[in-house]
Amino acid sequence: AQSVTQLGSHVSVSEGALVLLRCNYSSSVPPYLFWYVQYPNQGLQLLLKYTSAATLVKGINGFEAEFKKSETSFHLTKPSAHMSDAAEYFCAVSAMDSSYKLIFGSGTRLLVRP
Amino acid sequence: NAGVTQTPKFRILKIGQSMTLQCAQDMNHNYMYWYRQDPGMGLKLIYYSVGAGITDKGEVPNGYNVSRSTTEDFPLRLELAAPSQTSVYFCASRDGTGGGYTFGSGTRLTVV
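Chains R and U are the protein sequences, given in the same order. If you're matching positions, the first sequence starts at 1 in the working numbering and goes up one per residue. If you're matching positions, the second sequence starts at 115 in the working numbering and goes up one per residue.
In case anyone wonders, no lab produced these hints; they're calculated from the structure. Only true hints are included.
Some chain U residues well away from chain R (every beta-carbon gap over 10 Å; in silico):
id, residue
1, A116
2, L127
3, G167
4, V174
5, T184
6, R191
7, V225
DSSO-like cross-link-like pairs, simulated, lysine-lysine; straight-line CA separation at most 30 Å:
id, chain 1, residue 1, chain 2, residue 2
8, U, K158, U, K171
9, U, K123, U, K158
10, R, K68, U, K158
11, U, K171, U, K128
12, U, K123, U, K171
13, U, K158, R, K69
14, U, K158, R, K58
15, U, K128, U, K158
16, R, K58, R, K68
From a predicted model like this one, the values you see are computed outputs, not experimental measurements. Don't be surprised by glycine CBs; every beta carbon is placed ideally from N, CA and C.
All chains, full assembly: derive it from the sequences and hints.
Written out as structure tokens, the structure reads:
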């Protein structure tokens, strides 16, 4: 069965610093992987997705993620944090059974210090 | 705009009351899902449907029911509301390519 682990329930960075949010997955088959962002009291917005094409995936708002099969990781990065990046971030894997359901990690809350 | 529409956005229920959370999509997606989000827990799957007339349980189905009589609609029913069902509920649909999931804006439910 597939699963997702997000390391760190809270990450705090200074404005302008590198953002690194960690995600490790478990899957016996090549997965589809996703990062979503949720701003306070809002729904989920897709940041980027990996669907077995290029291993470096570029998303919206300057975010990118690299699929590393050897490390079973799909970490999210952004070179320079902005105050508006403060939100909760979810990593998810698509189940490769007939449901194709999304399996989510528990989320990482990003705090950006001025 | 095409997408997933959830109603209502907010609701307060008393213990033991029942209600239906509505979800509709206009993208002709076969796959639809109901999730609940609790603080620090991520999103947990309640029920899902792979097409009209077909539904199945997810991780946390107890206390809920669903139906899928049309491709467009996937309502979630709470029969006897309990405080443990206080949560934010999200409906989602998936296109056939595997890469596209669309989420509704959510329903915030409080049971008192």
